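Student: Those protein sequence lines, which keep their order, are chains P and G.
Numbering of the first sequence is given in our numbering, commencing with residue 15 and proceeding in unit increments.
Numbering of the second sequence is given in our numbering, commencing with residue 10 and proceeding in unit increments.
Simulated from the structure, these hints should not be mistaken for laboratory data.
Certain hints may be false.
With a straight-line Cα cutoff of 25 Å, these simulated DSS-like cross-link-like pairs (lysine-lysine) come out [what the hints assert, rightly or not]: (1) P:Lys249 <-> G:Lys233; (2) P:Lys151 <-> G:Lys96; (3) G:Lys191 <-> P:Lys291; (4) P:Lys151 <-> G:Lys106; (5) G:Lys142 <-> P:Lys27; (6) P:Lys27 <-> G:Lys138; (7) P:Lys30 <-> G:Lys142; (8) P:Lys145 <-> G:Lys96; (9) P:Lys151 <-> G:Lys247; (10) G:Lys222 <-> P:Lys145; (11) P:Lys30 <-> G:Lys222; (12) G:Lys191 <-> P:Lys285.
To be clear about the criterion: a stretch of chain P counts as covered by chain G if any three or more of its residues have a C-beta under 8 Å from a C-beta of chain G, and this derived list gives those stretches [claimed, not checked]: (13) 47-59; (14) 142-151; (15) 245-254; (16) 261-272; (17) 298-310.
In this text, all values refer to a predicted model and were calculated from it rather than measured experimentally.
Even glycine gets a Cβ: it sits at the ideal position worked out from N, Cα and C.
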Amino acid sequence: MSICVANISKSYKNVKALQDISFNVKVGELFGIIGPDGAGKTTLFRILTTLLFADNGRATVSGWDVVSDYKNIRKSVGYMPGRFSLYQDLTVEENLQFFATIFGTTIEENYDLIKDIYVQIEPFKDRRAGKLSGGMKQKLALCCALIHKPKVLFLDEPTTGVDPVSRKEFWEMLKRLQQKNITILVSTPYMDEAALCDRIALIQDGKILEIDTPEAIVKHYPKPIYNVSANNMYKLINSLNAYQYIHSVYPFGEFVHYTDKRAEFNAVELKLYLESKNLSNIRIEKTVATIEDTFMELAK
Amino acid sequence: MSIHNVIQVEGLTKKFGDFTAVNAISFKVEKGEIFGFLGANGAGKTTAMKMLIGISIPSSGKATVAGFDVFTHAESIKKSIGYMSQKFALYDDLTVKENITFFGGIYGLSRKRIRQKSAVLIEELGLEKVANKLVGALPLGWKQKLSFSVSMIHDPKIVFLDEPTGGVDPITRRQFWEMIYKAANQGITVFVTTHYMDEAEYCDRVSIMVNGKIEALDTPKKLKEQFKVANMNDVFLKLARG
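Using the sequences plus the hints, can you model the full thing?
Tutor: Here you go:
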């Protein structure tokens, strides 16, 4: 195992940030911690990167204990915090040089690991880090986290606030790194990114809701789920919320995802009901659950 | 201009030195419309939005917001619009009630009106139990919903929302959109930016900015047809990746 987390808990005053968290990550696995702001993701990352003590429980990274062997962990992991934490006054190249030196290595020694990413920011190597665009900062931070060839990479919300194009490119980079046998623990509030991980833990309010492969998590969704659309979205949502057999209703892009309380759902009956509410162009079709549906069902 | 267009923009441009951040954009937004303003990081969305809310003077072009000219009547614009963003929302070290009173005061509402608004707003959001708690102690999703309501405390014609749901949990994110629908249904125009492409589908019309220009503008349905893809995420990827 690359990362072992056993019964970790952490509280700040009266806020329970993490409650009895346990999971294991295999060597070379891309493992996602999926949850909204305030779920406890950053607290977990800080405990695993030896920057914070847990109140209870044990954790190891590459076989080392996060408390007693913290020095070994610091040498062998890469950490990209959620907030941009490089030196804004140093240039791109100086930042990279600095991190290489700190870890007793050189840019040349591990260049092949960062090459794919670094070539994209190399044209700006003399620019100060503070003057880079969001996407470029993110790439530089990833290079700095990789320059000492870590065994485990911790990425805390690397794509938050990043547009869909840059997000897609970032995940393509992660997939390539994974092939070099680096274990990656990554957190994100974007549920669509969960599908790109080998396994994920859904987390909310400091508790793990479920751990599995993205495919299995979607299969566990307990009910048939339907796409419903009509001429007026606002009226549709209100009408569905007032329907006597509703289990859940959530807007999903151009549709509403609807689930029914009963074992036998009657589409004709629902259509008649919606028509009685003066809605038109009504469509009701069976669809498949997404990670986000599962998350909302578990978090309800 | 037509009385139905609450935002009317023609050839609006902003230059910083040699760099053209916003390059001659043109569009109209109707009353009660939910208008999605999308683009990659650095495409010029924030610069364009700053011109529309009256805090940045354009280099050239024309624009009226709520009937006022952005060049000559920026102060009148500020009074007729609401604005919220993820970065600037409410004061963490004021309570829920104090924040409402503060923003009500800023917009020149009478004390009586603030009291009425405050009671309605707290009830609608179900915040009775935390009305006297510091905003900093509330979960992000609650804060964002409160912030949205506060941005409309002076009954603006238009509300500008800059990435209002970033990092918010999926259930609250949807409750937030139900509030947007409700506002639009009451005739308030909603101008919104987001990085969630499922939210782009919730908009009546969507514009996509690439390198300072608006490269696409239509209903989500027509954009998907135009680019022959299944969802807005793919529309975005096709356009912004070139």
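Student: Please go over all the hints and tell whether each is borne out by the structure.
Tutor: Tested hints:
1. P:Lys249 <-> G:Lys233: holds (24 Å)
2. P:Lys151 <-> G:Lys96: The hint holds at about 19 Å.
3. G:Lys191 <-> P:Lys291: Roughly 17 Å separates the two Cα atoms, so the pair holds.
4. P:Lys151 <-> G:Lys106: Violated. Lys151 of chain P to Lys106 of chain G sits at ~39 Å, over the 25 Å cutoff.
5. G:Lys142 <-> P:Lys27: holds (16 Å)
6. P:Lys27 <-> G:Lys138: Roughly 20 Å between the alpha carbons, so the hint for Lys27 of chain P and Lys138 of chain G holds.
7. P:Lys30 <-> G:Lys142: holds (19 Å)
8. P:Lys145 <-> G:Lys96: holds (20 Å)
9. P:Lys151 <-> G:Lys247: holds (24 Å)
10. G:Lys222 <-> P:Lys145: Measuring from Cα to Cα gives roughly 23 Å; hence the hint holds.
11. P:Lys30 <-> G:Lys222: The hint is violated at about 47 Å.
12. G:Lys191 <-> P:Lys285: This hinted pair holds, its Cα atoms lying about 23 Å apart.
13. 47-59: holds (count 5)
14. 142-151: Three-residue rule met by the region 142-151 of chain P, so holds; n is 3.
15. 245-254: holds (count 3)
16. 261-272: Since 5 is at least three, the answer is holds.
17. 298-310: holds (count 3)
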